[in-house]
Every structure is written in C-alpha cells, then in structure tokens.
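Spelled out from the first residue to the last, the chains are:
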Amino acid sequence: AQTVTQSQPEMSVQEAETVTLSCTYDTSESDYYLFWYKQPPSRQMILVIRQEAYKQQNATENRFSVNFQKAAKSFSLKISDSQLGDAAMYFCAYRGPQVQGAQKLVFGQGTRLTINP
Amino acid sequence: ETGVTQTPRHLVMGMTNKKSLKCEQHLGHNAMYWYKQSAKKPLELMFVYSLEERVENNSVPSRFSPECPNSSHLFLHLHTLQPEDSALYLCASSQEGVGGPKRYEQYFGPGTRLTVT
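Those sequence lines, one after another, are chains X and R.
For the record, in the first sequence the residue sitting at position 109 is 109 according to this note's numbering, with numbers rising by one throughout.
With positions in the second sequence counted from 1, the corresponding number in this note's numbering is that position plus 117.
By construction, these hints were calculated from the structure, which means they are not laboratory data.
Just so you know, not all the hints are guaranteed correct.
[To be verified] For lysine-lysine, the following DSSO-like pairs were computed, each having C-alpha atoms within a straight-line distance of at most 30 Å:
(1) R:Lys158 x R:Lys139
(2) R:Lys135 x X:Lys78
(3) R:Lys219 x R:Lys135
(4) R:Lys153 x X:Lys73
(5) X:Lys70 x R:Lys135
(6) X:Lys78 x R:Lys139
(7) X:Lys70 x X:Lys55
(8) X:Lys55 x R:Lys219
(9) R:Lys157 x R:Lys135
(10) X:Lys55 x X:Lys73
(11) R:Lys153 x X:Lys78
(12) R:Lys135 x X:Lys73
(13) R:Lys153 x R:Lys135
(14) R:Lys139 x X:Lys70
(15) X:Lys78 x R:Lys157
(16) R:Lys139 x X:Lys73
(17) R:Lys139 x R:Lys157
(18) R:Lys136 x X:Lys70
(19) R:Lys158 x X:Lys73
(20) R:Lys158 x R:Lys219
[Said to hold, decoys possible] One-sided excerpt, in silico: chain R residues whose CB lies under 10 Å from chain X:
(21) Lys135
(22) Lys219
(23) Pro227
Idealized CB from N, CA, C, for every residue including glycine.
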C-alpha cells in the first residue's frame, strides 16, 4: 500500500524568509500524482500545488515550488517570501495512476507551519 | 454558491440520535468523497462515489451510511455513533477520467465538526 510520510511535525520561519517542508512517499507505481494542501485555522483544505510524476520539470505556483525527486521518492515544498497568511497545517498527498473511476488521496500526517513576524 | 459546500458546519449529537451530513459541489465534477479527520491522525478516506456509484468503502462501520443521489450531492447518514466518531468530516469532489489540466485535483468543503456525546 502507498504511504506518505512528513517527518517534520512543526516548522517555523521568519516572515519574508524561505522555508522547505519535506515529504517522502512509498509506491511501486511509475505514474502518479502528488499534491500539497494547506489547512489554515478555518480547517478549509486548500490545494496549493500539484506535480505529475511523468513530468521532470518541478511545478511552481507563485511563491510556492516543489522539488520532486522521483528516484528518491521525495516531494518537498518550498515557500519563498513567507507571509503571515501562510501559517497553516500543510499536507502532502499521493494519488495513484490513471485508472477508470475515482481514486483516493493518501495523506501524510501534516506539518504545522508557524510564521514569525 | 461556489466550490464545495457542507452543512451543518457544527453538529453535536447523542449516541442514540440519527443525523445526516450534506455536501454539495458546484464544480461540475463527477466524483465525490467523504474523509474523516481526527486529532493526531492523517486524513482517512471513508467513501468514494464515481458517477454516483460507490467505488470504495474503506472498511467503515455500518453506523455510517453514504448516499449519492446525483453527481452534485453527497450525504452521510449517521446513527448510533460512538464518542470516538467525533471528528471533522470533510467532503471533496474531483473530475476523473478525460478532462483538462485540473483533473484528479480534489477540492474540499469547509467540513462538519461532529461531536458525539
């Protein structure tokens, strides 16, 4: 079964600095999808960024970028120019290959990110 | 309304009560999901519906009963719950199969905070 591991329960960063959140996963598949979600105190899960395993180029969304290392099964999230509004729980999630019908996301345990002003 | 909505946002019920959680997606998606988020545990998938057909039941106790009358609505019927069922229940939707660049991305509702007394 696929598993997702986030080894950093908590992280903190100074406002305007850069922080990297780690995620590793275990799968025997070659085609899959990886996501980072953000869950602020409101508890609303918000999609931050996605990465398709077949793409070699790392995904970027404004201040958010990933470092996808397929051989190492590593998928870290880098947040540049951290802002107070970035404070939240961050979850890494895995989705298996394209098959007919829907598939679940497998989530990591989450990393709580604190932004220090 | 936009995105994914859930009602009620908060629910307190006794162990002998019967209640229902409602989810509605306004994104034109063809798959819907129920997840459970407990303290100190990763998000756990409960049920998946694809094109209104249940495709996964993740060993959930029978006191939880899902219903998907159409591709926009999803219900979770609750009866004779236990205190350990207290959690945040999240609904999500996605577009599966052939589609645009946002396919397979799951979009979440704000959740229902359930307390069983």
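Going through the hints against the structure:
no. : hint                : result
1   : R:Lys158 x R:Lys139 : holds, 23 Å
2   : R:Lys135 x X:Lys78  : violated, 45 Å
3   : R:Lys219 x R:Lys135 : violated, 37 Å
4   : R:Lys153 x X:Lys73  : holds, 26 Å
5   : X:Lys70 x R:Lys135  : violated, 47 Å
6   : X:Lys78 x R:Lys139  : violated, 36 Å
7   : X:Lys70 x X:Lys55   : holds, 10 Å
8   : X:Lys55 x R:Lys219  : holds, 15 Å
9   : R:Lys157 x R:Lys135 : holds, 27 Å
10  : X:Lys55 x X:Lys73   : holds, 14 Å
11  : R:Lys153 x X:Lys78  : holds, 27 Å
12  : R:Lys135 x X:Lys73  : violated, 44 Å
13  : R:Lys153 x R:Lys135 : holds, 18 Å
14  : R:Lys139 x X:Lys70  : violated, 39 Å
15  : X:Lys78 x R:Lys157  : holds, 24 Å
16  : R:Lys139 x X:Lys73  : violated, 37 Å
17  : R:Lys139 x R:Lys157 : holds, 25 Å
18  : R:Lys136 x X:Lys70  : violated, 45 Å
19  : R:Lys158 x X:Lys73  : holds, 22 Å
20  : R:Lys158 x R:Lys219 : holds, 28 Å
21  : Lys135              : violated, 25 Å
22  : Lys219              : holds, 9 Å
23  : Pro227              : holds, 5 Å
Hints 2, 3, 5, 6, 12, 14, 16, 18 and 21 from the earlier list are contradicted by this structure; the remaining hints agree with it.
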